[in-house]
Structure formats: C-alpha cells, structure tokens
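**Q** Letter by letter, the chains look like this.
2 protein chains.
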Amino acid sequence: MEKALKGIKVLDFTHLLQGPFATQMLGDLGADVVKVERKGSGDSYRQWSFLKYWVGGTESPCFMAFNRNKRSLALDLKSSEAKEIIYKLAAECDFVIENFRPGVMDKLGFGFEDLKKINPKIIYCSSTGYGQDGPYVDRPGQDLMIQSLSGLATLTGRADAAPTPLGTGIADQLGAYNIVYGLLSALYYRERTGKGQKIEINLFQCLITHQLQEFAVTLNSGKLFERPMSGIAHPGQSAPFGIYQTSDGHMCISVNPIPVLAEVLEDEGLNDYNDPDTLYDKRDEVFFRIQASVVKQTTAYWVEKMLERDMWVSEVKNHLEVEQDPQAVHLEAFATYRHPTAGDVKTVNIPVKFSETPGEIVRHPPMVGEHNEEILKELGYDGGSIAEMQGKGVI
Amino acid sequence: MEKALKGIKVLDFTHLLQGPFATQMLGDLGADVVKVERKGSGDSYRQWSFLKYWVGGTESPCFMAFNRNKRSLALDLKSSEAKEIIYKLAAECDFVIENFRPGVMDKLGFGFEDLKKINPKIIYCSSTGYGQDGPYVDRPGQDLMIQSLSGLATLTGRADAAPTPLGTGIADQLGAYNIVYGLLSALYYRERTGKGQKIEINLFQCLITHQLQEFAVTLNSGKLFERPMSGIAHPGQSAPFGIYQTSDGHMCISVNPIPVLAEVLEDEGLNDYNDPDTLYDKRDEVFFRIQASVVKQTTAYWVEKMLERDMWVSEVKNHLEVEQDPQAVHLEAFATYRHPTAGDVKTVNIPVKFSETPGEIVRHPPMVGEHNEEILKELGYDGGSIAEMQGKGVI
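Protein chains in written order, with my numbering: chain G, 1 to 395; chain F, 1 to 395.
Hints are computed from structural coordinates only; laboratory data are not their basis.
Be aware that a few hints might be false.
Where chains are identical, the list cannot tell them apart; a pair therefore holds if satisfied intra-copy or between any two copies.
As the list claims (entries may be wrong) - No farther apart than 20 Å at their CA atoms in a straight line, the calculated lysine-lysine pairs in the PhoX-like style are these:
1. Lys346 to Lys223
2. Lys107 to Lys39
3. Lys6 to Lys121
4. Lys353 to Lys195
5. Lys116 to Lys282
6. Lys195 to Lys121
7. Lys6 to Lys353
8. Lys353 to Lys121
9. Lys392 to Lys6
10. Lys353 to Lys116
11. Lys346 to Lys305
12. Lys353 to Lys377
13. Lys116 to Lys83
14. Lys121 to Lys305
15. Lys52 to Lys282
16. Lys282 to Lys223
17. Lys52 to Lys223
18. Lys377 to Lys305
19. Lys117 to Lys223
20. Lys377 to Lys52
Produce the complete structure using the sequences and hints provided.
**A** Shown next, in the form of structure tokens:
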C-alpha cells in the first residue's frame, strides 16, 4: 500500500529528542528523511542512555527511540563541500527542520533566507526553547526547565513535597507534535497556493498550551491550583480521583459516582461526603478513607468488581506489564526491527492507524553517515568525488 | 493574511478534551469547524469545572479552553431531520472527527461506511481509549486510567510514594495531536491521489508512544525504572537533575557538569561524586547534599549566578507568575477574546508561528446551538423549515 507522505523530502538538522521525534513521525508515514549529522560523533543523543544500558552493548536506546525511518548523512558542516551538498539537498526538499539555538543555522549559511533563495517553495521549521528572540534568547532550553517555567511542575504531587516534574520528557514530545502540526498545515497551504514559508515553534509555548484548561481557570479567576495532601491526581479535582494502594499493587479510581463506590467498597459512610463541595473541600479525608478499604483486597479483585459496574477504574501497570497487556498485544503496540550491530530491537509501533496508507517501520535507526554514499550518488556525485571528499575529511 | 487551512470543512462530533482540542487546532489555522452538539445541554464538558470557578459566573473554563474558532450546531441526533442535516454537512466536508465509544456512530447512521457513501473523499477519524476492538473494547477510557495502564504513572514521584500521575491530562492532549497528525497526513495524500480514508487513534497507544525512549530501555533490557527516594526528576537520571527548594521558593537544576556546580555552590566535596556511575548510584545522597546548599539563598540569586555560567537551570513558576513571565509576555503567549455572556476572557494563544499564514482567534467558544440558523441557511434551509424544526424540537 502507498504511504501518506510518500514523495515528501525532509532535510533534517535536528538532534536530541524533540526534532528527531518530529522527523520520525514524518518518516513513519513515508517521507524521505535525510538526517544531517556531525561527522564522527553524530547526533549528541547517541551518547545518551538510561540505567547504564546500551542496546546490543553499544547503541543508545534514547537515540534508537527517535530515529527509525531515516537515512544518515554525516558531514563536516563547516567545509565548503558540505555547503554545496546541503544546498543541493535544499533545492529539492519540501521541509527543513532544525532545533539549534537561535542564530546557529544563519551562521552556517543554512538559515531560512539562505535556503529560500535556492528553493522558494521550501517550508522551514525552527524550534527552540523560548523562541527566536526576547529576554530568554540566550537561556538554555531543556525539558525540565520548561516544565519548571511553564507552571506544569506546580500541579503534580503532594502539597508537602516540592513541585514534581513528570518523570519523562513532555515539552519535547509536545514540541515534536507542534512541528508536525505546523509543517503539515503549511504543506496543505503550499499545495493550494504554491507558497512556502517559515514556521517557528518554542517548547515554552507548547507546554503552556498543554495547560490550556488550567490557564483558563487561573488567568480568569486569579486563583492558583493547590496540590492535595493525599494522592488526588489533579490539583483541581475532587475525591476519589487518584491512585490507590491495593493489597498487591496499585489501581486508579477516576471520576466515579460516590454511591456506587460506597456500595462496592461496602462503606455506606462514604455517602455522607456525597456533594460536590464536600468532595473537593474534604478530598484528602475522603481519599484516605477510600484507601483504607482498597488496601484490603487485590488489584484484580477491585478492578473486576468495579468494571462490572462500569466504573472508571484500571490497574496501574509497569512497562514490563504493559508489554504483556492483552490490549497492547491485540493492538500490536510494539514491534521489532533488525539493526546491523544490535540485532533484533524492540520498539513502540506507529500509533495511528490508516485504512489506505498504513505507516511502517522500514529502516532501522541509522549508524552515523550510514547513507553517505547512497545520498551523494542520488545528488549526482560520482565515486571519484565521493572518495576525494572522504580523503579530505568532508564526510 | 490567508490561513493555512482555509477552505477545510470539519464535521466535529467530539466532546470532552481530546477531540475538541484537535478540532480547535484546525480552527486556529482557519478550518471551518462545525461542532455538532446534543440539543439542550451540549458537550458534557460544559458542565466541567475546577476550583468551583465558572467564567463570567456561568461558563465552564474547561469547555472554553478547547472550543474557540468553532461554530455550534445543536441537534436531536436521533431525529430524521438531524440525519438529513448531518448527511448534507458530510457531503461537503473534508474531515469527520468523533470520540464516542466504539459503535456509537454506526448506530446513529454516521459511521465511516455511511458517510463514505455520501462523500467518497471523506477523511474520517475515530478516537477511543483503547481502539475499536480487542479485550478492552468495553472499558471506559479516561486520561487517568490511560496514565495508569501505560506505565507512565510508575515513572513519576518518589520511591516511597504511590505511582504519581501528571497533575494535568496528558493522554488526551497527545490524542489530540495524533488526530491532527493523522488527518493532515491523510489530507496531503488526498490532495495527491483524490482518495479519502479512515483513521483510528487510541489514547493508550498515544501515551505508550510518548514513552518511546523509556520503552526502548525496558523492552530491550528487561530492566524497569525505579523512582528515586529524592527529588531526582526522571527515574533513569543521575544527580543533579531535579527541582530544589531555595530560601524563597523552588528552582530546577537540570543536566550540568558537577565541577561547575561545585564551584558555584562553593562545595568542593561534590567533586568526589563526579563520575557517571556514582552520580546514578548515589543520586539521592548527591541530591540532598546539593539541596542543603541551595536552600541557603533565593531562587533569583542562584538562577542569575548559574545562568552566568551557562548552566541548565531555571526558576519554578506558578501560573500567575507565568502570565507575568517576561518571555511569555514577549511571545504574546496569552490572548483575550470577547464572549457574549462572560465578557473579556483570557486564554492561551496559538503556539505555532507561521510567516505567511498566522493563526488567529476569530471566534469565541460558542453557546449551545449558537450557529444553528446560520449553518442551516448555508445548507439551503429556509426560514420556514428552520422554524418548523424548532417547533418539532429537532434543533
């Protein structure tokens, strides 16, 4: 079957998480992504790992996660030959994407104005921590800082603990989705009008936008959210909304009618709290009362009993349990690809299902410069000139 | 200036957070979004609020957050007249989006197969908690349950506390972005080939995809992440990565070289921990040692001193502070629109900046059925037949 983004060419200058995740989404749907890397070490995310673990002993799980379905071209970006190669790629590409600090691409001669001269229909996306200018232009912009500056950290965890960031990136992932949203919208506009353009994304506004409804409250009421003293899972929510300990693990009890919960827990007294004001004002007291019942039985016992009543509840699973989760298995949420040095590597499958243009994992995350020769030949370089560039250290 | 998605017509059956956020993103860039609501009460998110706060005394901040740039058509969806109206809208729309439980749209006669007969080029997106079939098909799918089932909750907070969910939705927001990603990719394909299609999204896979790099570690190594006993902000990270208490608030110290941190904190002993293994294995000890220094001075003192050294640090801000943040002000991250009953309402501005096709907030979130007459007239209904439908309770 055909792919949705077949024929789209992406000139990809991104590194770390956000940009590569965006270009991987494009590659997953069939775009031809040429990842331009620094000759030698490549994307610095290749040196990043968790739990001292390297896939196949050498490869970064972090890099691997966000770089399938791409080809790697490794260059000495400051050489004049590299400039010529980039300009040739720019002449025939649809998207350019970069997430350097402001000004870096201009200095290299690869800014929007430079590449637009070569290809007026280009759609060029720059993503930064805080935008291309303004008081934070020189500040480093990394996910944890964006969680801290955008208000997000103040919403999570308990009142007696420090603000708690999410234990994964989030600004980066949202930045990636905003890149895709911007590029594909601009692509439709270009199909209709023939006009390219420049798009700017910044992580700060992406994470502010994530909190649209929390800001809708605070900006208009002047009221700040206060974290609960218990495990209530949103600082604006009433009981029972939270994660509870069972006799053998944890489960979540989301928004649910108190009378049904009281009946299932066999705690009639819970009904005394059953009005909206009390469920908010005494949410911690209600939480601990529910907790005292829930801890007496297993997760499976409660989840089955409560799902029978169509209650909003579920198990809390860890990542190994998710791999075995019957619905995850049914959905084929995980996939395996073959890597030249690491062997069979497991990954998360493409989440969006298309009836006519299904996405597919067709390329492993590339080694640094793995596709140098292939890409240069497509651009018209012959074996002699490629060897010459190798000799000079350009590639 | 023109808008990127000008001319795109969206038939929007969504409710609550995820679907409406997706269609708002389309509306922000100029798509004509017709929000189909239940006659009378409308989208059930209109009854949702936080902190007992209603904008202008009556309007839901949650609904308001995700429904600007749309028109509302309120119908008795089970009437034959409503069916005719929907079919007329389907005949000329580009996208249909719905987030009911599996099967609901088919029963109403508005499933993909029904609408495809009327408009073969339609791009139809269904989003659910867990997909259209499989063992969880009858389970309720709400954000907190998806955080619990996908492994995410196990990554956040401290080892001695229960798994901690993020204090905002996240599966919903990611679901919205995946809807947009799917629809706009399919739109490009349709521009090229003339073919419509069906797209399916589920929140479960969206949130699994968010954790691509954490799954890259666990799926391949078999190792689970363990939450720290201190405020280290990612369960796979080493010290100093976390949020620290200062003498007057909190700040974050992200990935930073220990020798520089030791110098700024005037704690030479920190250098004893300066190797990758120790910084992971003794991360809690290092965290508390840094904490002991950081608490002695104000946030402003440390942030200034550390930014001078180009360290990755920032303040931790609450939502009122974000509103006043100099970079947020510079970026115009917030905007105001006029609402017919609530007056001037503040909201989060469109985060993506387009050089040729800037997005714009041109419509307030609609009242239930606010655009009934306008939309029906566009479809060719005259005043008489509209009055008749009003009389019969169809609209």
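**Q** Taking the earlier hints as the rules, which of them does this structure contradict?
**A** 5, 9, 11, 12, 14, 18, 19, 20
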